[in-house]
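*Asks:* As a plain string of letters, each chain reads:
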Amino acid sequence: MNPLSPEFWGAERGTLLAVLLPAIEEIAIAGANIGLDNLAQVGITLDPELTHAQAARWAREHTDALLDRFNTVTQGSVGEIVQNWIATPGATRADLEARLLPILNENVARAESVGVTEVTRAMAQGEYQSYAEAGIALPPMFSNGVDTAPFGPPAHPRCRCWTRVVRLPDNTWVTVWATNRDELVCQQKLKTPFGDVQGCKSLHNHVLSAGKYAGMTLTEAERTARNG
Amino acid sequence: MADPFYIQIDGLDELLDALETAAEQAQPLLEQAMARSLAAIQGRVREYPPASEANRPRTTYQTPPLRGRDPNRWYERGYGTKWITADGKVRGKKVSRFLGRQWTQRVQVVDTGIVGILGNSTPYADEVQGRSQKAYHARRGWITLDTAIEQSTADIEAAFAEAADQLLAALAD
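Those protein sequences? They're chains A and H, same order as listed.
Everything in the first sequence is counted per the numbering used here, starting at -13 for the first residue and increasing by one.
Everything in the second sequence is counted per the numbering used here, starting at 411 for the first residue and increasing by one.
The shape of chain A in the complex, shown without the other chains:
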């Protein structure tokens, strides 16, 4: 996956503005179509080194305060470690746990649990910032008894889930729950804003965004949106 160079973008004027403004002569006005050679011309590219800046920032600013309130960590900065881990391309789960061990009294089980859970939390919260910038409705606020935040992963310690975005047939953009789809996905009873469910497994592909589709399966939401 090779990113296109800045020179390419400069030459191509690969942005929507560039597509819309100067290329009038290329436009098939009759059909109101803009012909594009390929996706690069709307300015979409890939950076294999790009790390999740929003998630890293969130981890730094929030993780320790949250863990303190859970009375989970008594020393050191989990937030800083999670932030650095997210910001380090190629760092593995083993690297994360190795960095957490010294501040968790060398407790391997706690390092595993805190590492997986807090990365999941930071990633989810980072995603919410991206979604907000995209004008996509966030999940409803939900209290776990300690903290009130938009409902989402982690739903429990060691949760490995995340969210993704789907556009429904009525052009509503929603976030949905995603799991690893393996036999380790939890099936224990969980409280959600949509009622009790049998674990993350039963949340897979359920709409999270607040609004009329909240809590529906993706299939139900698509059917509802199609039928108006």
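None of the hints are false.
Below, a list of computed lysine-lysine pairs in the DSSO-like style, where the Cα atoms sit at most 27 angstroms apart: (1) K504/H <-> K187/A; (2) K175/A <-> K187/A; (3) K544/H <-> K503/H; (4) K503/H <-> K187/A; (5) K177/A <-> K187/A; (6) K504/H <-> K544/H; (7) K492/H <-> K187/A; (8) K177/A <-> K198/A; (9) K503/H <-> K492/H.
To be clear about the criterion: a stretch of chain H counts as covered by chain A if any three or more of its residues have a C-beta under 8 angstroms from a C-beta of chain A, and this derived list gives those stretches: (10) 439 to 450; (11) 478 to 490; (12) 493 to 505; (13) 511 to 519.
Keep in mind that the hints were calculated from the coordinates and are not lab data.
The model shown is predicted, which means the values in this text are computed figures rather than measured ones.
Note that the Cβ used here is the ideal one computed from N, Cα and C, for glycine as well.
Given chain A, put chain H in place with the hints provided.
*Replies:* Showing chain H alone in chain A's frame:
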């Protein structure tokens, strides 16, 4: 790179006229449209295929064949490689980087306009979902980024068409 595609925007004439004098109003709308486009692509590329035989935990050791994959090894999502030893002990290497959660995006304003950047710093992303995708990942249902982009064409069109509508509405006020 993905196949050619077309963007259909209703009211294009008016939009083009408006854009010549309204870049300031257009930019935030286009940034949002780009962010939605990237989110749509990510939404597809982030969906994991169901776990396969390659993810099934082994409980008994089998004598490996002379050729082919070792039946005593598997990949646990979110953990990494695991294997069972001849004496029945399960070992593992925590090499996971949480591929699905690592997809990220950035909308960048440059001299020539707005660029959407997708990113994933997982070292094995390329061989699972990139242009160097291994055949066995494809067989197990992992879609590539290029495929996700192709499948997101309608979403991208919709995002930019909505931005155009909003811009026209704003300019009409």
